[in-house]
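With chain A held as given, fit chain B onto it using these hints.
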Amino acid sequence: MDQTRLHELEEQCIQNCDPPCTAHCPVHVNIRKMLQLSQEGDFSGAYQILNKSIPFPEIIARTCEQPCQYGCNRESLGGAIRVADIERAICDNSTKPATSITRLPNRRGRAAILGAGICGMTAGLELFRKGYQVVIFDAGDQPGGRLWSLGRDQLPAEIIRRETALILESGLETHFHVSIQAETFPFQDYDAILIATGQEHQTDFGLNRTAAGFLEVDPVTLQTSQSGVFAGGGTIHSPSTIHSFSDGRRAAISIDRFLQKVSLTASRVHEASYETRLFTRLDGIRPQAAVVPAHSQDSYTVPEAQQEAGRCLQCECMECVKVCEYLKAYGSYPGKYVRDVYNNMSIIMRQRTANKFINSCTLCGLCEEVCPTDFDMGEVNLETRRSMVAAKKMPISAHDFALRDMAYSNSEHFSATIPPADGEPCSYAFFPGCQLAASNPEYIPLIYQDLAAQFPGLGVILRCCGAPAEWSGEEALFSQAAEELKTAWLNLGKPKLLLACTSCHQMIKKILPEVETLPIWGRLQKDKPETAFKNLKGKQFAIHDPCTSRYEKEWQDAIRSQLASMGVEGIELELSRNKTECCGYGGVAWLANPEMVHRIIQRRIHENEIDYLTYCVMCRDLFTREGKPTLHILDLLYGEDPEHLAKRRSPDYSQRHENRYRVKQQMLKMMSRKDFEMSESHLKIKLAMSDEVKKMMEDRLILVEDVQKTIEHILESGECFVNPTTGHTLGFYRPNLITYWVEFTREGDVFTILDAYSHRMQVGGETHV
Amino acid sequence: MSAENNSNTTPQWICGKCGSPLQIEAVNLSYLGSGYPVDLLVCRKCKRALVPADMALGKMLEVEKLLEDK
Numbered sequence: 013m014d015q016t017r018l019h020e021l022e023e024q025c026i027q028n029c030d031p032p033c034t035a036h037c038p039v040h041v042n043i044r045k046m047l048q049l050s051q052e053g054d055f056s057g058a059y060q061i062l063n064k065s066i067p068f069p070e071i072i073a074r075t076c077e078q079p080c081q082y083g084c085n086r087e088s089l090g091g092a093i094r095v096a097d098i099e100r101a102i103c104d105n106s107t108k109p110a111t112s113i114t115r116l117p118n119r120r121g122r123a124a125i126l127g128a129g130i131c132g133m134t135a136g137l138e139l140f141r142k143g144y145q146v147v148i149f150d151a152g153d154q155p156g157g158r159l160w161s162l163g164r165d166q167l168p169a170e171i172i173r174r175e176t177a178l179i180l181e182s183g184l185e186t187h188f189h190v191s192i193q194a195e196t197f198p199f200q201d202y203d204a205i206l207i208a209t210g211q212e213h214q215t216d217f218g219l220n221r222t223a224a225g226f227l228e229v230d231p232v233t234l235q236t237s238q239s240g241v242f243a244g245g246g247t248i249h250s251p252s253t254i255h256s257f258s259d260g261r262r263a264a265i266s267i268d269r270f271l272q273k274v275s276l277t278a279s280r281v282h283e284a285s286y287e288t289r290l291f292t293r294l295d296g297i298r299p300q301a302a303v304v305p306a307h308s309q310d311s312y313t314v315p316e317a318q319q320e321a322g323r324c325l326q327c328e329c330m331e332c333v334k335v336c337e338y339l340k341a342y343g344s345y346p347g348k349y350v351r352d353v354y355n356n357m358s359i360i361m362r363q364r365t366a367n368k369f370i371n372s373c374t375l376c377g378l379c380e381e382v383c384p385t386d387f388d389m390g391e392v393n394l395e396t397r398r399s400m401v402a403a404k405k406m407p408i409s410a411h412d413f414a415l416r417d418m419a420y421s422n423s424e425h426f427s428a429t430i431p432p433a434d435g436e437p438c439s440y441a442f443f444p445g446c447q448l449a450a451s452n453p454e455y456i457p458l459i460y461q462d463l464a465a466q467f468p469g470l471g472v473i474l475r476c477c478g479a480p481a482e483w484s485g486e487e488a489l490f491s492q493a494a495e496e497l498k499t500a501w502l503n504l505g506k507p508k509l510l511l512a513c514t515s516c517h518q519m520i521k522k523i524l525p526e527v528e529t530l531p532i533w534g535r536l537q538k539d540k541p542e543t544a545f546k547n548l549k550g551k552q553f554a555i556h557d558p559c560t561s562r563y564e565k566e567w568q569d570a571i572r573s574q575l576a577s578m579g580v581e582g583i584e585l586e587l588s589r590n591k592t593e594c595c596g597y598g599g600v601a602w603l604a605n606p607e608m609v610h611r612i613i614q615r616r617i618h619e620n621e622i623d624y625l626t627y628c629v630m631c632r633d634l635f636t637r638e639g640k641p642t643l644h645i646l647d648l649l650y651g652e653d654p655e656h657l658a659k660r661r662s663p664d665y666s667q668r669h670e671n672r673y674r675v676k677q678q679m680l681k682m683m684s685r686k687d688f689e690m691s692e693s694h695l696k697i698k699l700a701m702s703d704e705v706k707k708m709m710e711d712r713l714i715l716v717e718d719v720q721k722t723i724e725h726i727l728e729s730g731e732c733f734v735n736p737t738t739g740h741t742l743g744f745y746r747p748n749l750i751t752y753w754v755e756f757t758r759e760g761d762v763f764t765i766l767d768a769y770s771h772r773m774q775v776g777g778e779t780h781v
Numbered sequence: 034m035s036a037e038n039n040s041n042t043t044p045q046w047i048c049g050k051c052g053s054p055l056q057i058e059a060v061n062l063s064y065l066g067s068g069y070p071v072d073l074l075v076c077r078k079c080k081r082a083l084v085p086a087d088m089a090l091g092k093m094l095e096v097e098k099l100l101e102d103k
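Protein chains in written order, with the working numbering: chain A, 13 to 781; chain B, 34 to 103.
These are calculated hints, taken from the structure and not from any lab test. Note that the structure is a prediction, hence the values are computed from the model and not measured. Ideal placement from N, C-alpha and C gives every residue a C-beta, glycine not left out. It is possible that some hints are incorrect.
In the DSS-like style, the derived pairs of lysine-lysine whose C-alpha atoms are separated by at most 25 Å in a straight line are [what the hints assert, rightly or not]:
1) B:K103 to A:K707
2) A:K659 to A:K549
3) B:K92 to A:K340
The following residues of chain A were derived to be distant from chain B, with all beta-carbon distances above 12 Å [as the list claims (entries may be wrong)]:
4) G163
5) A576
6) L649
7) T738
Next comes chain A alone, as it looks inside the complex (with noise of 0.2 Å):
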């Protein structure tokens, strides 16, 4: 990811952007913020928020037009939320801090603002304080121009006198009583002009006017006709207070870079009131009506005020972070998130604190589907983890295991490619997937012959698909996956693929696809007659659809229409089809951050009390292992016992191992009648463990067959540690980049395992002494 990427994506996120109030306002106060600390009872917080972005609050507060409500999404629930009022209630509630102003040091420039109105104050104000000489004239007797119009109130004097006291503090130089005339006023003594005298007041200084009489300028730059005057407030538009505000500080930026011979227009975007991108859902949001003050005449009491600002929305996306655990866990959103990863590559010497969040996303595609703009945060992680490969920077634990066990996979243990066993043309060929020949080796031979009923010249290839090194950005690696797969793909003769799962459909689809595939889903269990499923007749299963059929109407029918025909009914889960939720197997995000991946589970688990069904083994398996009945499609195709089924514990890694082994031999036993059998020493070590021991092992990544391969290390070398107390043995075995240790007490010859940890570090074959 690039610095432009970065921005791109930065911008992509609406979640970045002003809710519609600040968006609207043309000074663009905090609304949603002093709102939230109003309701809190912050008033003077809340002030501050406001003092921050307006010098003159209590004079906005009681004449801004609330451009504000234009936006606000309390509109159609009840009513704009009355913010002006809730100003006025703050600016009487708090503590003000006493307000100065810091002038920057001398800078070339001399400007004079003619009008000490609104407009014109804030202007010269800004220009003084940024150390430019600023010289006010005035008609009047005092600074406020239009406001002592106003009625007293609405306005009292008081308020007037005691905010525009900063003009006459400050030490801008001011004329008062001075009557502007064209043809005497010294332009030469001046760099630039803002003319904010008000429409009634205006001296024809010959420039530009629109119909209406008001003074032509830039909409952006607020400048005349002519190079270096400027205009603003009444003289350019209606009378309004918070717009002639906004003049006075646009026509400040204006007046600066004009000073600074810089371009007037460059990057100016969003200073005055526009429309926000934010999307705020409203569904669900019961209208409440405006507060009203008790007396009319008054304005807001306290609680009156906490009332309505608590009416306020605090409008916010958050499309994504609402549907997913991983985003939610890292306590920000998306267009936030880009900076950390983009802060994580380019980090040189320091740790890089984002590795753990990018190996946390499961990559499952919901974020995109539910956002307005299609921020798709798994493909920023998907690209980030491939960059980190590319740059050996990825943590080599975050998917080492998952890599072995697809290594495996593709290895002689699992992996062949089986010609029809009717001795037909390949025509088909019916691809498990690795996870359903671990999980439940015993369908396998039931789908093939079931298949190979419909299906003349059906071969079978056995193997990974090669998603974990695709989600873990191992480019290179799935690229080999995929030409293995394309080699037995070609070897049969170029078959149509028949799949099991939706992984697989996913990863083929994308780099291999010339390959023609179809889902085994309603194909399966079609001439077993109906009564056959006569006990599932009436029963109900929430259908929890696999991250990766998101987009895969044809599977997701297929399930429904397969149930249908069984007599079962399938519920719908609120987050289903391109909405549904990962299990928290995507992405490997279950061996890189295990927590998460609970969390994730038990949040998907407890959306609906009746049993799941799903269409991938690892949802099953994840579901299960948490406690949630889940089924398989297969579990009600070819189960015994559904009921029981539904609770099983899925097998342990090892035992994943050893049922793939099984699949492999027994299909080419059943299609090709051939005996495999590997002949693996370690194989030989007989291995005794209680419950726990394998429960510890299975947290721990630790195999069986890396126990076995350390105990016949052991047995070979002689070298080990021995607890003559005990008897117990302790020995290790290194056979790539992971120490095992195990823990053991020999009878005959069974090994009882006690305990067997790993390391990564290694240890100074020879020791320092």
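For chain B alone, coordinates are given in the frame of chain A:
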């Protein structure tokens, strides 16, 4: 980091190959190009060090993760 046996008690483990008692020594642990010394029980004769489970699953795992994120 501390080794499982300490010098005040009789060492529980002895070397399975030569039968010698184990002694505490500084041993270098290294990963991804970084290394540091740790006191471990070793057989001086066979030059083998014993890494106890609590160290492998505790401090060592922590350091591995830190180094992987470097």
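Hints versus structure:
no., hint, verdict
1, B:K103 to A:K707, "violated (32 Å)"
2, A:K659 to A:K549, "holds (20 Å)"
3, B:K92 to A:K340, "violated (30 Å)"
4, G163, "holds (65 Å)"
5, A576, "holds (49 Å)"
6, L649, "holds (42 Å)"
7, T738, "violated (8 Å)"
In this structure, the hints that do not hold are numbers 1, 3, 7, in rising order.
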